[in-house]
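Number of protein chains: 2
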Amino acid sequence: MSDKPIVVLVNPQLGQNIGKAARAMLNFGLTEMRLVAPRDGWPNPEAGPAASGADIVLDQAKVYDTTAEALADVSLVFASTVRRRELKTPVVGPEDMAREIHANEGKSAILFGPERSGLTGEDVNLAQRIVTVPINPEFGSLNLAQAVILLAYEWSRQAGDDLAQPTMKDEEPRAPMGELNALIDHLDGALDQRGYFFPEDRAEATRTTIRTILTKPGWSSREIGALFGIVKTLEKPPKG
Amino acid sequence: MSDKPIVVLVNPQLGQNIGKAARAMLNFGLTEMRLVAPRDGWPNPEAGPAASGADIVLDQAKVYDTTAEALADVSLVFASTVRRRELKTPVVGPEDMAREIHANEGKSAILFGPERSGLTGEDVNLAQRIVTVPINPEFGSLNLAQAVILLAYEWSRQAGDDLAQPTMKDEEPRAPMGELNALIDHLDGALDQRGYFFPEDRAEATRTTIRTILTKPGWSSREIGALFGIVKTLEKPPKG
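Line by line, the protein sequences are chains A and B.
Taken in order, the first sequence gives residues 17 to 256; the numbers are from the working numbering.
Taken in order, the second sequence gives residues 17 to 256; the numbers are from the working numbering.
There is no bait here: all hints are sound.
Heads up, the list lumps identical chains together, so a pair's fine if it works in one copy or across two of them.
Derived DSS-like pairs (lysine-lysine); straight-line CA-CA distance at most 25 Å:
(1) Lys-123 - Lys-78
(2) Lys-123 - Lys-20
(3) Lys-104 - Lys-248
(4) Lys-123 - Lys-232
(5) Lys-123 - Lys-104
These aren't lab readings, by the way, just hints derived from the structure by calculation.
Required output: the full structure, derived from the provided sequences and hints.
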């Protein structure tokens with residue numbers, strides 16, 4: 017099991033955005049944040065309210081003077097930025113990033129630049145990879161917290177069992193075929209009494225259609241019970 | 017190639033959040049937004065500035081009185097919400113959602129509830145699936161725009177692989193929701209005439225059960241047509 021990636025915010029400007037980034041991280045189980053020379057110092061009173069309860073991330077955040085110091089114990093670094101022609105750093109998408117982080121035995125980190133200007137070329141050069149979220153080329157407008165949440169999601173998506181994966185386990189089990197067959201037989205009798213299977217030479221195809229329609233859902237015993245009640249009700253004459 | 021999913025915001029409260037959702041959508045190429053009874057009316061002057069340039073989404077947004085009307089031409093509906101024990105709707109994660117949307121030949125939609133309260137059970141019952149982003153069980157705190165951006169990202173992530181995806185081409189496309197609703201309405205009337213919804217205080221729960229049972233299969237137009245015929249036949253008295 018690899019370490020969770022560290023989120024490194026380089027020169028973040030608004031405390032609010034630091035809080036939002038913490039919230040984005042914790043949604044996907046990331047807890048280690050490092051701050052490089054935050055513009056307004058640290059702690060920042062605006063960060064807490066924006067974190068919506070992700071205080072543990074803020075409380076444990078460590079502050080560094082330089083990006084290089086923040087990365088000293090990290091073995092794999094991704095710089096989150098758009099592709100930059102002048103830089104030779106290889107560019108990967110979020111999926112490859114997550115794959116490499118999961119494969120890395122040491123610590124991994126993702127660098128994010130200041131809100132307005134993004135990472136400097138110098139900071140990008142500290143990374144082995146640039147990671148770029150593939151967005152609409154005609155409308156690219158990801159803010160800091162959005163970039164954090166998408167990369168955290170992708171990491172978590174590939175992490176597997178750690179988080180509460182939605183499963184369909186709790187769904188009711190399909191009823192045994194015998195119950196469905198009883199419903200179909202009953203329906204067949206009720207329809208037959210009302211001349212539904214006419215003309216004769218279409219009867220078999222019609223019966224196949226009904227069976228297919230009613231088999232497709234994979235209803236539970238409870239659902240088949242309810243449908244029995246519905247069919248039997250329809251067979252009665254209307255009241256009054 | 018499947019249609020892009022429609023984003024349906026049910027009773028959105030703040031115009032700002034509608035704008036942020038539009039921005040989140042357009043980052044991943046989604047452009048069709050539908051609004052069900054937005055609290056502060058529409059257009060909302062606060063939406064534009066928050067959209068950061070995603071005006072095309074807001075300008076084309078359509079407004080509906082009810083969720084059912086907003087879904088009338090949609091054949092595959094996902095309700096974005098946390099798992100709800102009381103609801104029987106199957107729960108999937110973002111990846112399965114995206115896979116199903118890409119395989120669906122008709123229109124698909126993702127429903128999002130009001131910021132504070134989320135979707136009502138009644139609205140969830142209009143969906144074939146609940147989609148839940150698997151988040152940290154000890155800290156789940158996704159806001160509206162974050163839920164939108166994560167699901168839009170996942171859709172877009174899989175959009176590249178259309179050709180590689182196994183397709184369900186041979187299966188008939190799901191009928192638009194309007195057709196299913198017409199069947200449910202007709203059935204409801206026929207059952208009501210026969211005193212099915214008794215006692216009164218159970219009627220709502222019974223109607224929910226019927227809707228859930230009939231929504232689950234994702235029947236085609238042809239299948240719904242056949243079921244109409246079956247229900248109408250059962251309503252007749254038996255012959256001779």
